[in-house]
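Asker: Sequence:
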Amino acid sequence: MPAFRIGEAAELLGVSTDTVRRWVDSGRLVAARDAHGHRLVDGVDLAGFARSLSDGPDEGAGRSSARNRLRGIVTAVARDAVMAQVDIQAGPFRVVALMSREAVDELDLRVGSVAVAVIKSTTVLVELPR
10 MPAFRIGEAA ELLGVSTDTV RRWVDSGRLV AARDAHGHRL VDGVDLAGFA
60 RSLSDGPDEG AGRSSARNRL RGIVTAVARD AVMAQVDIQA GPFRVVALMS
110 REAVDELDLR VGSVAVAVIK STTVLVELPR
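For the sequence shown, this note's numbering gives the first residue as 10, with consecutive numbering after it.
Don't take every hint at face value.
[As the list claims (entries may be wrong)] Subject to a maximum C-alpha distance of 20 Å in a straight line, what follows is the list of computed SDA-like cross-link-like pairs (lysine to any residue):
1) Lys129 <-> Asn77
2) Lys129 <-> Val104
3) Lys129 <-> Arg139
4) Lys129 <-> Arg76
Simulated from the structure, these hints should not be mistaken for lab results.
Because the structure is a prediction, the values reported are computed rather than measured.
All chains, please: the whole structure from these sequences, using the hints.
Answerer: Structure, rendered in structure tokens:
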């Protein structure tokens with residue numbers, strides 16, 4: 010069963026190490042100490058905690074079957090006569106969306122705007138890190 014150090018847990022949750030330490034210190038997240046005194050969070054406990062962070066209704070989302078939403082900042086917009094490419098940095102993740110130029114213009118998407126990438130996919134590939 011995997012266990013994660015505070016920094017690894019923070020990276021997986023997309024928060025700072027200080028935030029994870031505060032959650033552990035307040036009892037919201039359980040951690041044990043290893044033989045060297047480092048705090049470790051059990052993988053199953055971390056997964057349950059991560060689920061609890063996303064429980065509840067998604068404010069700002071209307072009625073939709075899409076469940077994957079990544080809020081971020083627009084980092085690039087490239088337009089031509091018909092199509093556009095919009096890059097969004099959502100935490101450590103870069104999301105690239107291809108859409109009509111008309112949609113980009115209607116949404117007034119530009120670099121520095123906050124946007125939400127809504128992802129509905131029937132195919133999701135899962136990889137393990139090297």
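Asker: Please go over all the hints and tell whether each is borne out by the structure.
Answerer: Okay, the hints, checked on the actual structure:
1. Lys129 <-> Asn77: holds, 7 Å
2. Lys129 <-> Val104: holds, 13 Å
3. Lys129 <-> Arg139: Violated - the C-alpha atoms of arginine 139 and lysine 129 are around 27 Å apart, more than 20 Å.
4. Lys129 <-> Arg76: Holds. Lysine 129 to arginine 76 sits at ~7 Å (cutoff 20 Å).
When each numbered hint is compared with the structure, a violation occurs for hint 3 only.
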